[in-house]
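Keeping the supplied structure of chain A fixed, place chain B upon it in accordance with the hints.
There are 2 protein chains.
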Amino acid sequence: MKKHNFSAGPCILPKSVMQKASEAVLDFDNGLSLLEISHRSKPFVDVMEKARSLVLELLGLEGKGYKALFLQGGASSQFLMVALNLLEKRAGYLNTGTWSAKAIKEAKIYDDIYEVGTSEAAGFNYIPKGYDIPEDYDYFHCTSNNTIFGTQMKSFPDCPIPMVCDMSSDIFSRTLDFSKFDLIYAGAQKNMGPAGTTLVVVKEDILGKVSRKIPSMMDYKVHISKGSMFNTPPVFPVYVSMLNLEWLKNLGGIKAIAEENDKKARLIYSEIDLNPLFKGYAVKEDRSQMNATFTLENENLKDTFEAMLKEAGINGLNGHRSVGGYRASMYNALSLDSVKALVEVMSELESKA
Amino acid sequence: MKKHNFSAGPCILPKSVMQKASEAVLDFDNGLSLLEISHRSKPFVDVMEKARSLVLELLGLEGKGYKALFLQGGASSQFLMVALNLLEKRAGYLNTGTWSAKAIKEAKIYDDIYEVGTSEAAGFNYIPKGYDIPEDYDYFHCTSNNTIFGTQMKSFPDCPIPMVCDMSSDIFSRTLDFSKFDLIYAGAQKNMGPAGTTLVVVKEDILGKVSRKIPSMMDYKVHISKGSMFNTPPVFPVYVSMLNLEWLKNLGGIKAIAEENDKKARLIYSEIDLNPLFKGYAVKEDRSQMNATFTLENENLKDTFEAMLKEAGINGLNGHRSVGGYRASMYNALSLDSVKALVEVMSELESKA
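Each protein sequence line maps, in turn, to chains A and B.
Quick note, my numbering runs 41 ahead of the 1-based positions in the first sequence.
Quick note, my numbering runs 41 ahead of the 1-based positions in the second sequence.
Hint data in this document are derived by calculation from the structure and do not stem from the laboratory.
The structure presented is a predicted model; accordingly, all values stated were derived computationally and were not measured.
Careful, some of the hints might be misleading.
[As the list claims (entries may be wrong)] With a straight-line cut-off of 25 Å between C-alpha atoms, the simulated DSS-like cross-links for lysine-lysine are:
(1) K43(A) to K83(B)
(2) K83(A) to K44(B)
(3) K61(A) to K56(B)
(4) K43(A) to K351(A)
(5) K146(A) to K262(B)
(6) K44(A) to K83(B)
(7) K351(A) to K83(B)
(8) K262(B) to K143(A)
(9) K267(B) to K149(A)
(10) K254(B) to K130(A)
(11) K250(A) to K149(B)
(12) K130(B) to K254(A)
This is chain A alone, in the form it adopts within the complex (with noise of 0.2 Å):
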């Protein structure tokens, strides 16, 4: 039976990408697997450059000023890199959800930190608007996209100062003008490849602007300055990424995904403001592309309604432990089928109901 992978991430990928991933760690490079080649060898040395230069074709940043670099350690590393490298005075953060708020927390250790906005009184069901940037901050953050509560930024604001954001959960996904932004980071494990790799695109001009000194590890002009191989990288979760680039780059680029992730946005979204079994939980106009989260309104039909789910093949759809509920991650490998075979089954409880 065919399984539709819900999963918030890390999640379904493509299964060329799958099947090109599982012969490289039997047969990469004449014999050897990817696993056992050193990182300095010539085909991974490719590979890691090939992987920069799709990030940066793809967002449509190359000859910009930007480098990309893949990195270890998460967000939740670059909650803490971002901090480092940039906060000298005094930044400020839209507080969108629960990786806004570590990503604050993390950055309070260094200097002083402004909310700029925040949606946490309404349960971060909705983004913040018309809130101002003061022009002497060291720089804005935001988030996205919000992979527990649902919400996604439509548009960004014009920023005076650097703005930097995390785009874990919705990179790759949409079309946006990146080159707003002077830094966004990514963990790998939606829209780019397995866990294990954090993507980083930085415009090279706004760093080495702090007086702290800043540890080897922790410096983006380290890893810039070593092609983003100042240390042994993760070598398979970047080749896999870069094969799923790859896959994208064939399809025809965000703006080619982009269109099917609107087609199955609007298929799940209006079964959820159709079906009267059903409730959104994020406010309209802030509803995420990528993970539409949802409740059921009554609760006796829960059992009913997880079977059903399971006897279609579908996977990963319980919400986030913190808010409960539903949640539908469709990140770019997720195809339209997997997400009308959901609302038939939302729709098939509403006719059983």
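Below, chain B without anything else, positioned relative to chain A:
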């Protein structure tokens, strides 16, 4: 043709491990790939717990107050984390080469560091002995094996303060009383698994004694409290490490592999000593069992030797770019047969010359 992979790391892993890893990329749990399942799903939580407990079991550290963590960022991140978590006023470091020097450099950002001993003047071709470790220091740090220079600590001091050891390149390769150490760390990519995860084994009672505020991702206590799942772990590297630790356990544990490693080291060093064409780099008593470093006395034979190596399927024998010459890395999964193949080529070169 069989390849003999003497790569310094990432390095050879057992064939059976590669096979299972390759299969898991296609189907790990009920039709789902290892790369697309949630790290919070039971099948992966089981992998993480098994990997952590195999580490303690193999090192003989069960029930002795230690915790095993699978982190990210390589030993290079540990240079920093060790200092952040343990360094209050002063620490003593033994400088035995490039990796020790890097550890010292990163720790110096936080506080004063004292080199208890160094072999730098001799090009790090031996391990300093007879040094004193001041009792009022926070900890003592050493590097058990030096991949670049081919030296290895055969014994460790009776240490009056917490002893921290970078065992990246020889953990799980020889029997030691691991309970002498309070913190051991190791990048996975030699004897533990593929690149992308870093093992930390720490005695809990040495933690929580510094006054600084430690960022969450840098705090061992945070990772311990979350069962090594504070954030998304590097799923694939952890899984392959678990497979490799299982392989080692089934083989008879460290004791069994240590006997094999003895045989391999004796074979290569006896050839280096008997064959007048070659010269070992490290002093005999400190020679590494993992990395045999040597030079060809007559540079004119270089091309012939390298052509013969290629023909014999011998791979990864180049010395580190900072010292040149040759380096035969003989990690756990490299068979005695591969060392025999190398020794045959060396001996054949002698008969030709």
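Hint check results:
no., hint, verdict
1, K43(A) to K83(B), "21 Å, holds"
2, K83(A) to K44(B), "18 Å, holds"
3, K61(A) to K56(B), "18 Å, holds"
4, K43(A) to K351(A), "11 Å, holds"
5, K146(A) to K262(B), "17 Å, holds"
6, K44(A) to K83(B), "18 Å, holds"
7, K351(A) to K83(B), "17 Å, holds"
8, K262(B) to K143(A), "17 Å, holds"
9, K267(B) to K149(A), "22 Å, holds"
10, K254(B) to K130(A), "18 Å, holds"
11, K250(A) to K149(B), "21 Å, holds"
12, K130(B) to K254(A), "18 Å, holds"
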